[in-house]
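Chemist: Spelled out, the chains give:
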Amino acid sequence: MMLMKRRDFLKVGAAAGTMASLYGCAGGGKASGHVVVVGGGYGGATAAKYIRMWSEGGVQVTLIERNPTFISCPISNLVIGGSKTMEDITVSYEGLKNKWGVRVVQDEVVAVDAAKRTISLAKGGSMSYDRLVLSPGIDFMFGEIPALDNADAQAKILHAWKAGPQTVALRKQLEEMKDGGVYALSIPKAPYRCPPGPYERACLVADYFKKNKPKSKVVILDANEDVMSKKGLFTKAWSDLYKGILEYRPNSEVKDVDVANTTAILEFDKFKADVLNVIPPHRAGNIAAKSGLKLINNRWVDVDWLSMEVVGTPGVHVLGDAIFPAPTMPKSGHMANQHAKLASAAILNMLSGEAPSPTPVVMNTCYSYVDTKQAIHVTSVHQYDTATKTMQPVKGAGGVSAARNEMEGKIAMGWAKNIWADMLA
Amino acid sequence: MKRISLLAALALLGAQGAALAADPNLARNLAATCANCHGTNGNAVKGAGIDALAGVPKDKTLQKLADFKSGDKPASIMHQIAKGYTDEQLDLIAGYFAAQK
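So the protein lines, in turn, are chains A and B.
FYI, my numbering numbers position 249 of the first sequence as 249, with every residue one higher than the one before it.
For my numbering, count along the second sequence from 1 and bump the result up by 1000.
Hints are not guaranteed to be accurate.
Mimicking PhoX-like on lysine-lysine, the simulated pairs with C-alpha atoms at most 25 angstroms apart in a straight line are [stated by the list, open to error]:
| hint | chain 1 | residue 1 | chain 2 | residue 2 |
| --- | --- | --- | --- | --- |
| 1 | A | K99 | B | K1083 |
| 2 | A | K99 | B | K1046 |
| 3 | A | K156 | A | K178 |
| 4 | A | K231 | B | K1083 |
| 5 | B | K1064 | A | K395 |
| 6 | B | K1064 | A | K30 |
Quick caveat, the hints were computed from the structure, so don't treat them as lab data.
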């Protein structure tokens, strides 16, 4: 038995006292209870902080995260390209603990009992909650690429689509590749995490080759029929900056791999690479399916857009890449942060016996680098629509950069520093 | 008397206005959608190159947002973001940031 210890609540409460005076806000402070947040990425970390901040410390928050530090997926393509280090994309959870009084537990949730409102932990024990926030990200459907469905193959043919050891390992493969080699990147059918991310990665690897291994090539094997995000800006970067280095192949779904020969197997064709980087199709993090949550297409969690509460599972809110998205809404870190704020506001209302706000708004921005200095963006604003009961993109708003530019290369780093602080500091 | 005039005001605002008036945290929630770039409660990370909005007088922020919307103020991205919010929403957001330290 390891139900939340009263001692820990009291410790957390003391931090809350000083906090309320520093970050007090009108209208808050009524809600109380215990919220457990599972997953300390862009969604979960933001929810943990905002629930503490907006409740003025009135609601206890436990964050359960398996990794000791936060490592950002956005910006990680610059590590793969060699212009940033892992240190640059790593942030500690100390701010959540010390400044916001979040109880951070390094562990993994293995089961959710939504009826009893308890979770079970891998290291043993269980914990009860008043509201549960799952921000589990994605897990890969390795079975879709049969030869990749084992640990040895996965150590050789990398995805690097979760930042961490795979990011470092892919960088190492690229460094070890001979000049004149071929790097192939396979993109799954949409929806997948971070729509512009693969095209950014291709640019940054091409940039590295151009400067360091000029005889080498980048080939994108895209399962989709066309570039999925910022098409005009990416294709212009490819022809202006990487002509003869980068090749784009649409309708090229990777069905399997030949691990020993680093070869991608397509429907009618094969493609041999020196470094083969396969992003397998993915779905909501495994805990979602294991908890019996309702999935759409057996992949993504169905949520109520006024609260991010799972349809059919009261008390459980899901954020980020794991959800079935609203129209044109991308799976991105920025969007997960916005889901978290929507859910935090709704949870505090619900814990005070009030209905969630009827008019939520979320917005997205994704910056992508096309070389180590120049970036491009895509942005959109989504307002709740009572007729369709979902978030709808605002017509006439949003858009993309006029052209790639160095100023947005600087702003993109400013975005990263601000959003990391918004989640964790 | 007071109660009656408030009701009348709500009726004038219409359904959307009534929803706005009914939600005491709306300004806070809307302003939080800007925090990813401009910092929690408008307190941007110093030296990161994006302006703080905390403590900026409301009319100053509103004027800038109106100029972004109209295209009078050149921008990399704010013209596209500002157009996603109604003038009433921007009013609430600017007021919220003005009240932050």
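Chemist: Each of the hints needs a verdict: does it hold here or not?
Modeler: Results of checking the hints against the structure:
Taking the CA atoms of K99 of chain A and K1083 of chain B, the gap is about 35 angstroms. The hint is violated against a cut of 25 angstroms. Proximity of K99 of chain A to K1046 of chain B is assessed by CA-CA distance (about 18 angstroms); at most 25 angstroms being required, the pair is judged to hold. For a cut-off of 25 angstroms, the pair hint linking K156 of chain A to K178 of chain A stands: about 17 angstroms separates their Cα positions. Of the pairs offered as hints, the one joining K231 of chain A and K1083 of chain B holds, with about 23 angstroms between alpha carbons and a cut-off of 25 angstroms not exceeded.
Under the criterion of a C-alpha separation no larger than 25 angstroms, the hint pairing K1064 of chain B with K395 of chain A is consistent with the structure, at around 21 angstroms. For the hint linking K1064 of chain B to K30 of chain A, the alpha-carbon distance of about 35 angstroms lies beyond 25 angstroms, and the restraint is violated.
Going through the hint list in order, the structure does not satisfy hints 1 and 6.
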